[in-house]
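There are 2 protein chains.
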Amino acid sequence: MSLTTPGPTVGVVGGGQLARMLGEAAGPLGVEVVALDPTPDPPAAPVVRDTVAADFDDESAVLALAERVDVLTYEIELADADALERVGEETGTPVHPDPGTLRRTQDKLAEKRWLADAGVPVPEFRAVENAADLRAAGEDLGWPVMLKAREGGYDGRGNLPVTGPDEAAAALDELGADALAEAMVPFERELSVIGVRGADGERATYPVTETVHEDEILRESVQPARTSDTVAERAREVATDVLDAMDGRGVFGIELFECASRSDAGVSSGERSDPRAGSEILVNEIAPRPHNSGHWTIEGAHCSQFEQHARSVLGWPLGSTERRGASVTTNLLGDVEETGPAELSGVETVLGAADAHLHWYGKREARPLRKMGHVTVVGEGSEATLDRARELRESVTFR
Amino acid sequence: MSLTTPGPTVGVVGGGQLARMLGEAAGPLGVEVVALDPTPDPPAAPVVRDTVAADFDDESAVLALAERVDVLTYEIELADADALERVGEETGTPVHPDPGTLRRTQDKLAEKRWLADAGVPVPEFRAVENAADLRAAGEDLGWPVMLKAREGGYDGRGNLPVTGPDEAAAALDELGADALAEAMVPFERELSVIGVRGADGERATYPVTETVHEDEILRESVQPARTSDTVAERAREVATDVLDAMDGRGVFGIELFECASRSDAGVSSGERSDPRAGSEILVNEIAPRPHNSGHWTIEGAHCSQFEQHARSVLGWPLGSTERRGASVTTNLLGDVEETGPAELSGVETVLGAADAHLHWYGKREARPLRKMGHVTVVGEGSEATLDRARELRESVTFR
Chain A
1 MSLTTPGPTV GVVGGGQLAR MLGEAAGPLG VEVVALDPTP DPPAAPVVRD
51 TVAADFDDES AVLALAERVD VLTYEIELAD ADALERVGEE TGTPVHPDPG
101 TLRRTQDKLA EKRWLADAGV PVPEFRAVEN AADLRAAGED LGWPVMLKAR
151 EGGYDGRGNL PVTGPDEAAA ALDELGADAL AEAMVPFERE LSVIGVRGAD
201 GERATYPVTE TVHEDEILRE SVQPARTSDT VAERAREVAT DVLDAMDGRG
251 VFGIELFECA SRSDAGVSSG ERSDPRAGSE ILVNEIAPRP HNSGHWTIEG
301 AHCSQFEQHA RSVLGWPLGS TERRGASVTT NLLGDVEETG PAELSGVETV
351 LGAADAHLHW YGKREARPLR KMGHVTVVGE GSEATLDRAR ELRESVTFR
Chain B
400 MSLTTPGPTV GVVGGGQLAR MLGEAAGPLG VEVVALDPTP DPPAAPVVRD
450 TVAADFDDES AVLALAERVD VLTYEIELAD ADALERVGEE TGTPVHPDPG
500 TLRRTQDKLA EKRWLADAGV PVPEFRAVEN AADLRAAGED LGWPVMLKAR
550 EGGYDGRGNL PVTGPDEAAA ALDELGADAL AEAMVPFERE LSVIGVRGAD
600 GERATYPVTE TVHEDEILRE SVQPARTSDT VAERAREVAT DVLDAMDGRG
650 VFGIELFECA SRSDAGVSSG ERSDPRAGSE ILVNEIAPRP HNSGHWTIEG
700 AHCSQFEQHA RSVLGWPLGS TERRGASVTT NLLGDVEETG PAELSGVETV
750 LGAADAHLHW YGKREARPLR KMGHVTVVGE GSEATLDRAR ELRESVTFR
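As given, the protein sequences belong to chains A and B, one line each in that order. Mapping the first sequence onto my numbering, position 117 (from 1) lands on 117, and the numbers just tick up by one. With positions in the second sequence counted from 1, the corresponding number in my numbering is that position plus 399.
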């Protein structure tokens, strides 16, 4: 294959921090990025070739974008799968990951059914359309259950624990949406695997990451994960099974639960002979795009998830997913009570730390718990690196 | 200090590969870049906020650039030091590195005099205005001497070895410019140190790099340099002396000769008690900007020379110059006989190599020996990494 100038152009639906980091990674490859986003001057703008101001589901804008790029991708689940599919067919522009995968991951029930059908271990779940369904699910799975909106949830929004049958009606009212109920998973820790599908069936996974959440929002990604080699290996196996169930190319964030044992986990499988029976790993959710839990790969792996995404959607050879050492990413969340102009103070500590790498997303407003940037600390071991990352994160504030 | 959105903007005179890599490094810091270059759609364009089409010495364009940025810098020695100085004074926009430093490094005679006056070891040299001067220099320094044009030389252009007095007149005719003559330095190897001056007198040096030239054009940068610890340490000392002789902030490429011994080297110093007397290191040239010999820092050091340059010109804390491991950068030069469209074939070998990082500069035309990109290979030791880099470079071609 050849490199030329200009190189290929990737069109991205969404111009947030993921598009920004995709742009940062694409430059060295000679790949150009054009991002579509309704926000004027979105985070990606200063580092990409161009931005297009349009709603994510503005099909004529997506069509115009397709006509000036070599491949279409998306960095946000709000992308319109149907529009992408039609535009891809109409213009002949490849769309990766496959819009069908996007559609499935937009509906948590469809996603779970698809994974279970593909033999991927997931927590037991039931479709819930009304309070009777929810009560029956609780009886079946055991109380409490996790009630999840089928669509639109992220960072814990749209998730509601329900402790018993008396709460069913009120919980459904509060959620106000089609839902599913999941068995509560008594997990030891949460893990994530960034996986990638390339051309000609090539696929690869990064080493498993330990993810630390608080109020269901990702705070820290720890690499290597503080778990056993067996579990780490099993996590990559399960992630590979997920990749095998996909169509098309691209990078995927695969969120996992590590459970103490099969019997605690409520795996949706009946037979004892099921190969998943010994599994300690369950798949929680899949993001058909680079994922917050893979930001450590920028400094911590040979090829970052963003470079990998550019390579994969273009059908180029994949890069190495090998780790370069220990690394911890800590999110810089809006630690504010109210929305206000983005101003992070105390950054001299991060900039002055030899082992820290600052990533600022270029968002104009800090909002409570909004992802404003991240810091990746590289080091020798997970524990010390995590301590260091926490120390640095505590030295900065938006207040 | 605080980070905001939008962050500070750096205006760069020059929009070539150095501005491109500056843009790639600035993004994560929330720093924006605007580049001025006469070429339409220069290499930096796809990855920076904006480009301005104007000649490097178009003072009104530089003035307009100054008015929209927080600090002015330059990535090419063709920048106009006088214009930058006047614009800086007129608009109050800081210019880094200091235009006086740029002016001095644009004139090789002035540069050598300034370094020698500052006590920095350099090869012995004489000003040459006519053939008589050149013959006298040869008598003084010993034949052969290296005749160098005072201005405009780079990548070996403007350098001419002169073997004896009979050639003096013809050599000066061929050079056709004001010149200096330098003692030929029988160096063991060429080295380079990337140095940086920050705010409040902060300064730092990267570990010394071994540079491999062919026909006076840099081919490979080897890290760590294959030299003794004593020499490596002395190189950083000398580079620090150079930094101390500077004004203003920024990143500097400091090219060095490693000589077998003092007596061979023709150091421009008279007294035996001179602290330079034992030196095996001589300064060859200084570039007041990030330098080709520092591209390894992108993957090979904690903070790249480009991030470092952004930090330093903004007066931010400097980043760590520590090495992350061995790395070798090999330049992708135009291996063509004639100018033609840039098309590098065989890149699947580089993209498929786990240890290789491709950097494409986005130049539209390949010209003989033009710098079109580079590949940095990271590894365990200099020798094996260099072998690997050569192997990969030989697998690609513009022909």
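Don't read these hints as lab results, they were simulated from the structure. Keep in mind that a hint or two might mislead.
To be verified - Here are some, though not all, of the chain B residues that point toward chain A, as calculated from beta-carbon distances under 7 Å:
no.: 1; residue: Glu528
no.: 2; residue: Ala530
no.: 3; residue: Met583
no.: 4; residue: Phe586
no.: 5; residue: Arg763
no.: 6; residue: Pro767
no.: 7; residue: Leu768
Unchecked claim - Derived SDA-like pairs (lysine to any residue); straight-line CA-CA distance at most 20 Å:
no.: 8; chain 1: B; residue 1: Lys770; chain 2: A; residue 2: Glu151
no.: 9; chain 1: A; residue 1: Lys371; chain 2: A; residue 2: Glu322
no.: 10; chain 1: A; residue 1: Lys371; chain 2: B; residue 2: Lys770
no.: 11; chain 1: B; residue 1: Lys770; chain 2: A; residue 2: Asp335
no.: 12; chain 1: B; residue 1: Lys770; chain 2: A; residue 2: Gly7
The structure displayed is predicted, hence computed values, not measured ones. Every residue, glycine too, gets a C-beta built ideally from N, C-alpha and C.
### Query
Against which earlier hints does the structure fall short, listed by number upward?
1, 2, 3, 4, 6, 7, 8, 9, 10, 11
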